[in-house]
Amino acid sequence: MGLKTFNHGIHPSYNKELTQSKKIEKASLPSKVVIPLQQHIGAPCKPLVKKGDTVAEGQKIGETTTFVTAPVHSSISGKVKEIERRPYPGGGKVLSVIIEGDGTVKDWRSGDTDLDMESLSKEELRNIIREAGIVGMGGAAFPTHVKLSPPKEKKIDAFILNGCECEPYLTSDHRLMVEEPEKVLWGMKAMMKAIGVENGFIGIEENKPDAIDALERAARGSNIKVAALKTKYPQGAEKMLIKAVIDRKVPVGKLPMDVGCVVNNVGTAFAVYEAAKYKKPLIERVITVSGNGVREPKNLLVRIGTSFEDVLNQCGGMAGEGEKEVLNGGPMMGIAQTTLEAPVIKGTSGITVLTGKEIKPYKYDPCIRCASCVEVCPVNLMPYKLGDLGRLYRLDEFKAWGGAVCIECGCCSYTCPSKRPLLHWIRVGKVKIREREKV
Amino acid sequence: MEEKTQLEKLVVSSSPHFLRDENIPKIMHAVILALLPAAAASVYFFGFRALMLIIVSAVSCLITEYACQKIRKKPVTIRDGSAAITGILMALTLPPSFPYYGAVLGSIFAVGIGKQLFGGIGYNIFNPALLGRVFLQATYPVMITTWSEPLSKAAKAGVDAVSAATPLALMKFEGKWTSHLDLFFGNTPGSIGETSALAILIGGLYLRYRGYINWKMPLGYLGSMAFLGGIFWLINPSKYPDPLFHILAGGAMLGAWFMVTDMVTSPVTPLGQWIFVICGGSLAVIIRLFGGLPEGVMYSILLMNAFVPLLNKHTRPLFFGEGIKVE
Numbered sequence: 000m001g002l003k004t005f006n007h008g009i010h011p012s013y014n015k016e017l018t019q020s021k022k023i024e025k026a027s028l029p030s031k032v033v034i035p036l037q038q039h040i041g042a043p044c045k046p047l048v049k050k051g052d053t054v055a056e057g058q059k060i061g062e063t064t065t066f067v068t069a070p071v072h073s074s075i076s077g078k079v080k081e082i083e084r085r086p087y088p089g090g091g092k093v094l095s096v097i098i099e100g101d102g103t104v105k106d107w108r109s110g111d112t113d114l115d116m117e118s119l120s121k122e123e124l125r126n127i128i129r130e131a132g133i134v135g136m137g138g139a140a141f142p143t144h145v146k147l148s149p150p151k152e153k154k155i156d157a158f159i160l161n162g163c164e165c166e167p168y169l170t171s172d173h174r175l176m177v178e179e180p181e182k183v184l185w186g187m188k189a190m191m192k193a194i195g196v197e198n199g200f201i202g203i204e205e206n207k208p209d210a211i212d213a214l215e216r217a218a219r220g221s222n223i224k225v226a227a228l229k230t231k232y233p234q235g236a237e238k239m240l241i242k243a244v245i246d247r248k249v250p251v252g253k254l255p256m257d258v259g260c261v262v263n264n265v266g267t268a269f270a271v272y273e274a275a276k277y278k279k280p281l282i283e284r285v286i287t288v289s290g291n292g293v294r295e296p297k298n299l300l301v302r303i304g305t306s307f308e309d310v311l312n313q314c315g316g317m318a319g320e321g322e323k324e325v326l327n328g329g330p331m332m333g334i335a336q337t338t339l340e341a342p343v344i345k346g347t348s349g350i351t352v353l354t355g356k357e358i359k360p361y362k363y364d365p366c367i368r369c370a371s372c373v374e375v376c377p378v379n380l381m382p383y384k385l386g387d388l389g390r391l392y393r394l395d396e397f398k399a400w401g402g403a404v405c406i407e408c409g410c411c412s413y414t415c416p417s418k419r420p421l422l423h424w425i426r427v428g429k430v431k432i433r434e435r436e437k438v
Numbered sequence: 000m001e002e003k004t005q006l007e008k009l010v011v012s013s014s015p016h017f018l019r020d021e022n023i024p025k026i027m028h029a030v031i032l033a034l035l036p037a038a039a040a041s042v043y044f045f046g047f048r049a050l051m052l053i054i055v056s057a058v059s060c061l062i063t064e065y066a067c068q069k070i071r072k073k074p075v076t077i078r079d080g081s082a083a084i085t086g087i088l089m090a091l092t093l094p095p096s097f098p099y100y101g102a103v104l105g106s107i108f109a110v111g112i113g114k115q116l117f118g119g120i121g122y123n124i125f126n127p128a129l130l131g132r133v134f135l136q137a138t139y140p141v142m143i144t145t146w147s148e149p150l151s152k153a154a155k156a157g158v159d160a161v162s163a164a165t166p167l168a169l170m171k172f173e174g175k176w177t178s179h180l181d182l183f184f185g186n187t188p189g190s191i192g193e194t195s196a197l198a199i200l201i202g203g204l205y206l207r208y209r210g211y212i213n214w215k216m217p218l219g220y221l222g223s224m225a226f227l228g229g230i231f232w233l234i235n236p237s238k239y240p241d242p243l244f245h246i247l248a249g250g251a252m253l254g255a256w257f258m259v260t261d262m263v264t265s266p267v268t269p270l271g272q273w274i275f276v277i278c279g280g281s282l283a284v285i286i287r288l289f290g291g292l293p294e295g296v297m298y299s300i301l302l303m304n305a306f307v308p309l310l311n312k313h314t315r316p317l318f319f320g321e322g323i324k325v326e
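Order-wise, the sequence lines are chains H and B. Just so we're aligned, residue 0 is where the first sequence starts under numbering that gives the first Met the number 0, counting upward by one. Just so we're aligned, residue 0 is where the second sequence starts under numbering that gives the first Met the number 0, counting upward by one.
Next comes chain H alone, as it looks inside the complex (with noise of 0.2 Å):
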């Protein structure tokens, strides 16, 4: 009651009890990593490194000169053993960069400078940012960077973290915010000074109250308010967050920052941190391994590029008889993999194991206009008939309906008791329209 939130969504079975309170363990130094040249939104990045050179653990290996990127790191010091296209947790190959390790691991922490941010200038902030390869670590991947220079003509009076992990299993985040508040709270100072905004907000939803004292506690005294959200699904998402903690709309086709916002995400945060302290590139993230198919659920610190099958393997392997399900990233918004060789990546957030009864079953119903989508919907779609117009290819009513509005949230899906892939439909529509206007 009297919370903040957004109109609509859904309340799912959240399961985080599996690991919300268990520590981040150090995952074991992986012996080969495969680093994927293109980890983000934005143009790919050329290898910098070739076969048989040696490499040093945060050594730079992928970049390229496009303002809209982030360059790649080894996560591990080691030999390189080939530069191929191998299985992305996103889908599909990706050119990437094989390591295979020498065993010796670097200790970041003895370049701590104490540093202080009065020192470093906007660009300053911004470059370390960019150098680091810090991209939206909640999933999206946006390089942080090219979010933290808006164009000069637009204001932007307002920064707001992204604390609410409103995807079901994954703590990420949560663990986070309870156990490094400070350092998550330097690294979204310091996003705050590379823009140059006075006001900045925390939103996290009520369902995890030691993140929300711990970041009041370590607020105290700046101009950085906690918002407490209501627990629903999927608060986390940008627009909804925004509607949420400050009560503006981003109208349709644009950006937050065209109503002054900019958002990121904690584990951000906490990246920008290590980065400015330690100059310590993104090699290494928290990842949530959870879900029923999962022996022993924990939040682990991963290298990136360990594979998914190394990770599984320290969490007990997989649980449970029968089918599985592996997905990068939570129930909701995730992306099954057709293989564990997949490498965990810098928008990994977690590792979802489902198995038995959570699968979802592949036969659904016709709809019978219960109108329940059209009730969680978000962003106000009649997903029902989206759908249809995706399945059928009718590309220029879908647009009408508002097909490019669509936040890919799942709520449809979720709720239909037909069980019908609303989801899935629509995405189908948005891919047949692009692959109409390359035409």
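Simulated from the structure, these hints should not be mistaken for lab results. The reader is advised that the hints may include incorrect statements.
Here are the simulated lysine to any residue pairs, SDA-like style, with alpha carbons at most 20 Å apart [stated by the list, open to error]:
id, chain 1, residue 1, chain 2, residue 2
1, H, 253, B, 312
2, B, 73, H, 417
3, B, 72, H, 222
4, H, 356, B, 72
5, B, 25, H, 364
6, H, 418, B, 211
7, H, 356, B, 19
8, H, 418, B, 324
9, B, 312, H, 374
10, H, 359, B, 10
11, H, 153, B, 323
12, B, 324, H, 152
13, B, 215, H, 370
14, H, 92, B, 12
15, B, 8, H, 294
16, H, 153, H, 250
17, B, 73, H, 365
18, H, 248, B, 104
19, H, 418, B, 28
20, H, 78, H, 306
21, B, 73, H, 364
Quick list of simulated restraints, FRET-style, between CB atoms [said to hold, decoys possible]:
id, chain 1, residue 1, chain 2, residue 2, range
22, H, 396, B, 269, 17 to 23 Å
23, H, 83, B, 321, 22 to 28 Å
24, B, 210, H, 42, 44 to 50 Å
Everything numeric in this text was worked out from a predicted model, so none of it was measured. Cβ coordinates follow ideal geometry from the N, Cα and C atoms, glycine included.
Position chain B relative to chain H; hints supplied.
Same frame as chain H, but now just chain B:
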């Protein structure tokens, strides 16, 4: 080696990967449960015949559905409960003395023409139960308007069945009022399942509790009836009945809680739903007061059913962030 066998069993689907524990049979079975109080009241007031009418109709609907799906070479889905609902609901709108063969014919029409001919569940435009009822109204106009007193009153008169006029007919043709209390409990002549507002309300509230209907549909419909009925009542209270009478008498309660709220044949948009219930409720009152028939609920809903595709098309909600200007 164990890993290898697991690898072969990876499931791949597009997100979201887990779904709400909800399905059509669950919804339909809840509706059947919600109809039980009204069915029980019908047996209480009109006896064994009411029970038989319900059973005959429900079974006929199930058989019709089965036969149609066999002929159409479609999977048989009679267990989902939707055909049974059609049968029960139609039976509840029949007079106690209505012949069984009539109920069978009505059921065949309801499910065969009203539902399966359109393509089965989800595709029908009109509420099948009401369509069955309207078919019987056209086919057996006399039998379907032959009413009798509830058992308790008949017993008082010392006979098995006493033919009588419904409260709406008394109001319309003789200017006589029935007490609100009798209407609320259902101790009046009428369709077997429509007389007891109380029993219907229990079922309706249960559906609301389960989340299968919203408040807007039943209350909007009843409210519109009361509002328009109330205006006429204020103009001439000796000629027109009061608002409470409107919503307690005839098929208003059953219609509002179980037919207006039918998912398949009602609009999906918030604005469309408001238009649907306001027009429907007003139409029912207009037919009652100025039409040739004493009761207008059935036609008002069927007529509004026809507008549902149009309403859905033209009452699209504004997208999130639509129509907002930024400099």
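Now the hints, each set against the structure:
1. For the given pair, residue 253(H) sits about 26 Å from residue 312(B) by alpha-carbon distance, which is inconsistent with the 20 Å threshold.
2. Restraint check for residue 73(B) and residue 417(H): the C-alpha separation of about 17 Å stays at or below 20 Å, so the hint holds.
3. For the suggested pair residue 72(B) and residue 222(H), the alpha carbons sit about 68 Å apart, so the restraint of at most 20 Å is broken.
4. Taking the CA atoms of residue 356(H) and residue 72(B), the gap is near 30 Å; set against the 20 Å cutoff, the hint is violated.
5. A hinted pair counts as satisfied when its Cα atoms are at most 20 Å apart, and residue 25(B) with residue 364(H) qualifies at roughly 13 Å.
6. Restraint check: the Cα-Cα separation between residue 418(H) and residue 211(B) comes to about 16 Å, which is no more than 20 Å; the hinted pair holds.
7. About 12 Å separates the Cα atoms of residue 356(H) and residue 19(B), which keeps this hinted pair within 20 Å; it holds.
8. Between residue 418(H) and residue 324(B) the CA atoms are separated by roughly 37 Å; this puts the pair beyond 20 Å, and the hint is violated.
9. A distance of roughly 16 Å separates the Cα atoms of residue 312(B) and residue 374(H); the hinted pair therefore holds under the 20 Å criterion.
10. Distance check on the hinted pair: residue 359(H) and residue 10(B) sit about 10 Å apart at the alpha-carbon level, within 20 Å; holds.
11. For the hint linking residue 153(H) to residue 323(B), the alpha-carbon distance of about 17 Å falls within 20 Å, and the restraint holds.
12. For the proposed pair residue 324(B) and residue 152(H), the alpha carbon gap of about 16 Å is at most 20 Å, so the pair holds.
13. The suggested pairing of residue 215(B) with residue 370(H) holds, with an alpha-carbon distance near 13 Å, which does not exceed 20 Å.
14. For the proposed pair residue 92(H) and residue 12(B), the alpha carbon gap of about 18 Å is at most 20 Å, so the pair holds.
15. Proposed proximity of residue 8(B) and residue 294(H) is supported: the alpha carbons are some 17 Å apart, at most 20 Å.
16. Between residue 153(H) and residue 250(H), the direct Cα distance comes to roughly 15 Å. Compliance with the 20 Å bound is thereby established for this hinted pair.
17. With a C-alpha separation of about 12 Å, the suggested pair residue 73(B) and residue 365(H) falls inside the 20 Å cut-off, and the hint holds.
18. Our distance criterion of 20 Å between C-alpha atoms is broken by residue 248(H) and residue 104(B), whose separation comes to about 56 Å.
19. Using a Cα cut-off of 20 Å, the hinted pair residue 418(H) and residue 28(B) holds, with the two alpha carbons roughly 18 Å apart.
20. Taking the CA atoms of residue 78(H) and residue 306(H), the gap is about 17 Å. The hint holds against a cut of 20 Å.
21. With a C-alpha separation of about 12 Å, the suggested pairing of residue 73(B) with residue 364(H) holds against the 20 Å cut-off.
22. At about 21 Å, the beta-carbon gap between residue 396(H) and residue 269(B) stays in the expected band of 17 to 23 Å.
23. For the pair residue 83(H) and residue 321(B), the supplied restraint of 22 to 28 Å is violated, since their beta-carbon distance comes to about 46 Å.
24. A C-beta distance of roughly 48 Å is found between residue 210(B) and residue 42(H), which places it inside the suggested range of 44 to 50 Å.
Going down the numbered hints, you'll see the structure goes against 1, 3, 4, 8, 18 and 23, while the others check out.
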